[in-house]
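Peer 1: In case you want the letters, here they are:
Number of protein chains: 2
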Amino acid sequence: MASYDDVMSLSVRRGFLWPAAELYGGFGGFYDYGHNGVLLRRRWEDLWTETFLGLSDNYYLIDTTTILPEAALKASGHVDHFTDVLVTCTRCGESYRGDHLLEAATHVEEEGLTPAEIDARIRDLKIRCPNCKGELGPAREFNMMFPLGIGPTAKDRAYLRPETAQGVYLNFKREFEALRRKLPMGLAIVGRAYRNEISPRQGTYRMREFLQAELQIFFDPATFADFVPLDTSAGERIRIAWAAEKNEPTAHEIAAEAVVERGLPSWYVYHLLAVQRFYLAALRIPRDAFRFAELDEKERAFYNKIHFDIQIRQESLGGFREVGGVHYRTDHDLKGHEAGSHTKQAVTFGASKLVPHVLELSFGVDRNVWAVLDLAFAKGDRLVLRLPPRLAPVTVAVFPLVNKAGIPERAESIFASLRKRFTAFYDDSGSIGRRYARMDEIGTPFSVTVDHESLEGNGATVRERDSQKQIRVPEAELADAIAKLLSGETSVVP
Amino acid sequence: MASYDDVMSLSVRRGFLWPAAELYGGFGGFYDYGHNGVLLRRRWEDLWTETFLGLSDNYYLIDTTTILPEAALKASGHVDHFTDVLVTCTRCGESYRGDHLLEAATHVEEEGLTPAEIDARIRDLKIRCPNCKGELGPAREFNMMFPLGIGPTAKDRAYLRPETAQGVYLNFKREFEALRRKLPMGLAIVGRAYRNEISPRQGTYRMREFLQAELQIFFDPATFADFVPLDTSAGERIRIAWAAEKNEPTAHEIAAEAVVERGLPSWYVYHLLAVQRFYLAALRIPRDAFRFAELDEKERAFYNKIHFDIQIRQESLGGFREVGGVHYRTDHDLKGHEAGSHTKQAVTFGASKLVPHVLELSFGVDRNVWAVLDLAFAKGDRLVLRLPPRLAPVTVAVFPLVNKAGIPERAESIFASLRKRFTAFYDDSGSIGRRYARMDEIGTPFSVTVDHESLEGNGATVRERDSQKQIRVPEAELADAIAKLLSGETSVVP
Chain A
-6 MASYDDVMSL SVRRGFLWPA AELYGGFGGF YDYGHNGVLL RRRWEDLWTE TFLGLSDNYY
54 LIDTTTILPE AALKASGHVD HFTDVLVTCT RCGESYRGDH LLEAATHVEE EGLTPAEIDA
114 RIRDLKIRCP NCKGELGPAR EFNMMFPLGI GPTAKDRAYL RPETAQGVYL NFKREFEALR
174 RKLPMGLAIV GRAYRNEISP RQGTYRMREF LQAELQIFFD PATFADFVPL DTSAGERIRI
234 AWAAEKNEPT AHEIAAEAVV ERGLPSWYVY HLLAVQRFYL AALRIPRDAF RFAELDEKER
294 AFYNKIHFDI QIRQESLGGF REVGGVHYRT DHDLKGHEAG SHTKQAVTFG ASKLVPHVLE
354 LSFGVDRNVW AVLDLAFAKG DRLVLRLPPR LAPVTVAVFP LVNKAGIPER AESIFASLRK
414 RFTAFYDDSG SIGRRYARMD EIGTPFSVTV DHESLEGNGA TVRERDSQKQ IRVPEAELAD
474 AIAKLLSGET SVVP
Chain B
-6 MASYDDVMSL SVRRGFLWPA AELYGGFGGF YDYGHNGVLL RRRWEDLWTE TFLGLSDNYY
54 LIDTTTILPE AALKASGHVD HFTDVLVTCT RCGESYRGDH LLEAATHVEE EGLTPAEIDA
114 RIRDLKIRCP NCKGELGPAR EFNMMFPLGI GPTAKDRAYL RPETAQGVYL NFKREFEALR
174 RKLPMGLAIV GRAYRNEISP RQGTYRMREF LQAELQIFFD PATFADFVPL DTSAGERIRI
234 AWAAEKNEPT AHEIAAEAVV ERGLPSWYVY HLLAVQRFYL AALRIPRDAF RFAELDEKER
294 AFYNKIHFDI QIRQESLGGF REVGGVHYRT DHDLKGHEAG SHTKQAVTFG ASKLVPHVLE
354 LSFGVDRNVW AVLDLAFAKG DRLVLRLPPR LAPVTVAVFP LVNKAGIPER AESIFASLRK
414 RFTAFYDDSG SIGRRYARMD EIGTPFSVTV DHESLEGNGA TVRERDSQKQ IRVPEAELAD
474 AIAKLLSGET SVVP
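Protein sequence lines correspond, in order, to chains A and B. Under this note's numbering, the first sequence has 207 at position 214, and the numbering climbs by one with no breaks. Under this note's numbering, the second sequence has 381 at position 388, and the numbering climbs by one with no breaks.
Please keep in mind that the hints were generated in silico from the structure rather than gathered at the bench. For clarity, every value in this text was computed on a predicted model and none was experimentally measured. One should not assume that every hint holds.
For identical chains, the list gives no copy identity; a pair is met inside one copy or between any two copies.
Derived DSSO-like pairs: lysine-lysine, alpha-carbon spacing no greater than 30 angstroms straight-line [as the list claims (entries may be wrong)]:
| # | residue 1 | residue 2 |
| --- | --- | --- |
| 1 | 175 | 413 |
| 2 | 337 | 175 |
| 3 | 239 | 346 |
| 4 | 175 | 126 |
| 5 | 175 | 239 |
| 6 | 477 | 372 |
| 7 | 413 | 372 |
| 8 | 291 | 372 |
| 9 | 413 | 346 |
| 10 | 67 | 477 |
| 11 | 298 | 372 |
| 12 | 397 | 175 |
| 13 | 148 | 67 |
| 14 | 148 | 126 |
| 15 | 372 | 462 |
| 16 | 477 | 413 |
| 17 | 346 | 148 |
| 18 | 372 | 397 |
| 19 | 397 | 67 |
| 20 | 346 | 397 |
| 21 | 67 | 346 |
| 22 | 328 | 397 |
| 23 | 67 | 126 |
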């Protein structure tokens, strides 16, 4: 059970993340990652890439610019529709998101309302400025993209991309032609996106600069299901909260075939299962802390036909919060670019020529990192970050028990050899208890201590973080022992 | 010997990189990376990280926002001094970099001139607009950063960072305190930077959005040399072109101690050697294609006291071109932020309390990727990308010789097993010759072909890219054989 301050304070103190440009007061919605944060995030990204590129041998990596020309974002609909409703106080000038003003009054999520609807509700609920109690001005649409001018006269208009997806769509045909010319084809990207949020809040949850990991799957709707047959033999159940229940902390456990019977395409359900497996098996999120939340028509983005959020329950954020989504975007985007660029986007696949449809598996990397930190945070008589070993920034620490009698030299030699295979950390400062505690706080699963017995050929101790149990391992076998512990093949606890 | 068009055409066709947002005409200076480009770039980054974090166990990773508040870039000097000289045609309105106009006329690099000096030289050389022959207007300073407004009223001014370095400096103290509180401390970052170039040219060489890999080493100048003792026992020579020779295609081979005798600090020379080793040993750049180029006072950026460019000779770009630099930035940056933020940047280290000095090892990742492609490009009777095996996007390809008689099934099973350890690619389309050719063009070092003999327990053939020689390897030993070939431990050629 971690409060927001618990997680943030540990993050700052132990080099995971903190508000950016603090020296200059910074801005809301910007965070920097320290050494441990970069490593944790990278391990999450590696696991994500391995899992989702592993779904097919026709899935690949791509990387595109964060600056896009206005024409591209006009065609995608973002120039006209990527807006939030802005309400400004007529007295103090403070700006608010309309839906947040309503939510603060009603304690219920209020998504998808128009400026006129928000004005009406503000009148009904008699909401005044939270800052100065002044009268609120009329609500208006506010575009959340950051505009830029390119070149010396800044006459070429552009934007920082609001999602990684558009750059991928612009390159679909080039990649299709450079690759196997087969569908389904997947293009995965991990990169930054930018949104000029009106009022960033809850720290890292609503950021203005953030990292997305997205897999765009281009497919022929007539044949996609054949490529991803839904295997129900294991009886896997999917955890879902339906649209009407999204404000409740509940989830149903529904058999995959039952989800299909409700009208969702089997290829969509196949990918819900793949995403759920990623969270439960690879990231080891507790089952009851995971769910999909269905979005109804009003809540969905303008380009999505089917949309389930991926949610993780986080005490630090007050319950289930979105960390990603599974979006059936149809052929909306490629058709939009076809019209906007006057360039055909259809490709020939088998007997048909078509503009492919797109299924997007979208993940907010920062939100995922925060969720992992939240769930790992455990404070009892000691503070331990119970990260899954594969996600831990440091895999193995090496300590000399004392700094004399040849022990440091032996410890350094062990460190040098472990460092070749693992992210290792050498620490010789402070008592052994303090050194264990520092490693517990960054989630290091294994600590190797070199003592007098080590000099007599009796190996070193390996301590496991959660159980605090120790085993003695011969020096020559240390690296292999750590590898086996890391993979879960063996355990320190008998 | 590769022309620019040779390298770019291969890059586009084979999924390395191409101009961004082509569908919409794009802008100069923006490039997207396809599947093979992302993999090649990632391998370069991994090798870079392994090499430079490996220099010390007090060096770490960090990642910071690409958007920085104006106050931070005012303090760093970028708001006032990060400028190029802009010259605009009075008739057609086309804009030019002043130094480029001079260079086109004189064929000599012209760096560091003021607007008044450029005006005078334009008059002397009687230069007119290259586009319309009109008269050129007066030269003026042009700031190369992209400005942004944050928040709904855009009243908070910010910029896209022009270099990754500043975000690292802003976090120096936080990292120092979260870590060992020891100097030298290194912080490495791989991330994007942005420069609103007046006239991007030579494709990927001068980009407006680009990737930097930088290691910032914070140190006490009184003791740095003790931590990085210059070992001259191996008699390593450093390839250097002095400032006066920078337009010549030459380099001297100078003993490390002789470079120190010329007045460079031994810790600086230590890092020249480390960088040279990275290029010659890890990246396998031919020795005569590598050099450092000294910059004189006029050419150096305002924050650098000692500056050598890292240059690689690239036929596609017409000779030696900069791919990075080794910059002694003194305490300029931390002192600037101390003054700008009114926050002390001094730390206590041993007996002294000081604002650390900074040595920056800076690399343009895109420029490095291009240089690697240029040097690998080999066209004789076939087109081969002779990439060092560790950099190749695909490590091993798997082909069924024919698509019948159980051969594809066996090939797929081999592919599935190799894929667990290597980036592997399965290809069953076209003649075996065409499949080899496709892999040669993306630099795949090893291709495994499964044939009739494979079904009889006689293993598969492994073909090496450059020699085109083949060996037969038992199926169970394939993965280990590829691993040994990749590490250079064994070779296909006897």
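Peer 1: Hints first: check each against the structure and report whether it holds.
Peer 2: Hint by hint, here is what the structure shows:
In this homomeric assembly, residue 175 and residue 413 come within 30 angstroms of each other (Cα to Cα) only across copies, at 23 angstroms, whereas the closest approach inside a single copy is 40 angstroms. Within a single copy, residue 337 and residue 175 get their C-alpha atoms as close as 17 angstroms, which meets the 30 angstroms cut-off; across copies the closest is 59 angstroms, which misses it. Within a single copy, residue 239 and residue 346 get their C-alpha atoms no closer than 40 angstroms, and across copies no closer than 55 angstroms, so neither meets the 30 angstroms cut-off. In this homomeric assembly, residue 175 and residue 126 never come within 30 angstroms of each other (Cα to Cα): the closest approach is 60 angstroms inside a single copy and 51 angstroms across copies.
When the C-alpha separation of residue 175 and residue 239 is checked against a cutoff of 30 angstroms, the pair qualifies neither within a copy, at 38 angstroms, nor between copies, at 50 angstroms. When the C-alpha separation of residue 477 and residue 372 is checked against a cutoff of 30 angstroms, the pair qualifies only within one copy, where the shortest distance is 28 angstroms, while the shortest distance between copies is 46 angstroms. Taking identical chains as interchangeable, the C-alpha atoms of residue 413 and residue 372 are never at most 30 angstroms apart, the minima being 33 angstroms within one chain and 38 angstroms between chains. Taking the shortest alpha-carbon separations for residue 291 and residue 372, neither the intra-copy value of 41 angstroms nor the inter-copy value of 58 angstroms comes in at or below 30 angstroms.
Taking the closest pair of Cα atoms, residue 413 and residue 346 never come within 30 angstroms of each other, the shortest separation being 51 angstroms inside a single copy and 35 angstroms across copies. Within a single copy, residue 67 and residue 477 get their C-alpha atoms no closer than 52 angstroms, and across copies no closer than 52 angstroms, so neither meets the 30 angstroms cut-off. For the identical chains of this complex, residue 298 and residue 372 are neighbours neither inside a copy (43 angstroms) nor across copies (49 angstroms), given an alpha-carbon limit of 30 angstroms. Taking the shortest alpha-carbon separations for residue 397 and residue 175, only the inter-copy value of 21 angstroms comes in at or below 30 angstroms, while the best intra-copy value is 64 angstroms.
For the homomeric pair residue 148 and residue 67, the shortest alpha-carbon distances inside one copy (16 angstroms) and between copies (25 angstroms) are both at most 30 angstroms. Only between protomers do residue 148 and residue 126 lie at most 30 angstroms apart by alpha-carbon distance; the minimum there is 23 angstroms, versus 41 angstroms within a single protomer. Taking the closest pair of Cα atoms, residue 372 and residue 462 come within 30 angstroms of each other only inside a single copy of the chain (18 angstroms); across copies the shortest separation is 61 angstroms, beyond that limit. For the homomeric pair residue 477 and residue 413, the shortest alpha-carbon distances inside one copy (16 angstroms) and between copies (17 angstroms) are both at most 30 angstroms.
Taking the shortest Cα distances, residue 346 and residue 148 never come within 30 angstroms of each other, neither inside one copy (39 angstroms) nor across copies (49 angstroms). Taking the shortest Cα distances, residue 372 and residue 397 never come within 30 angstroms of each other, neither inside one copy (34 angstroms) nor across copies (61 angstroms). With identical chains, the CA atoms of residue 397 and residue 67 are never at most 30 angstroms apart, being 68 angstroms at best within one copy and 50 angstroms at best between copies. Taking CA atoms no more than 30 angstroms apart as the test, residue 346 paired with residue 397 passes between copies only; the shortest distance there is 28 angstroms, against 75 angstroms inside one copy.
Taking the shortest Cα distances, residue 67 and residue 346 sit within 30 angstroms of each other inside one copy (26 angstroms), while across copies they are farther apart (55 angstroms). Neither within a single protomer nor between protomers do residue 328 and residue 397 lie at most 30 angstroms apart by alpha-carbon distance, with minima of 71 angstroms and 39 angstroms respectively. Taking the closest pair of Cα atoms, residue 67 and residue 126 never come within 30 angstroms of each other, the shortest separation being 38 angstroms inside a single copy and 36 angstroms across copies.
The structure is inconsistent with the numbered hints 3, 4, 5, 7, 8, 9, 10, 11, 17, 18, 19, 22 and 23, although it conforms to all the rest.
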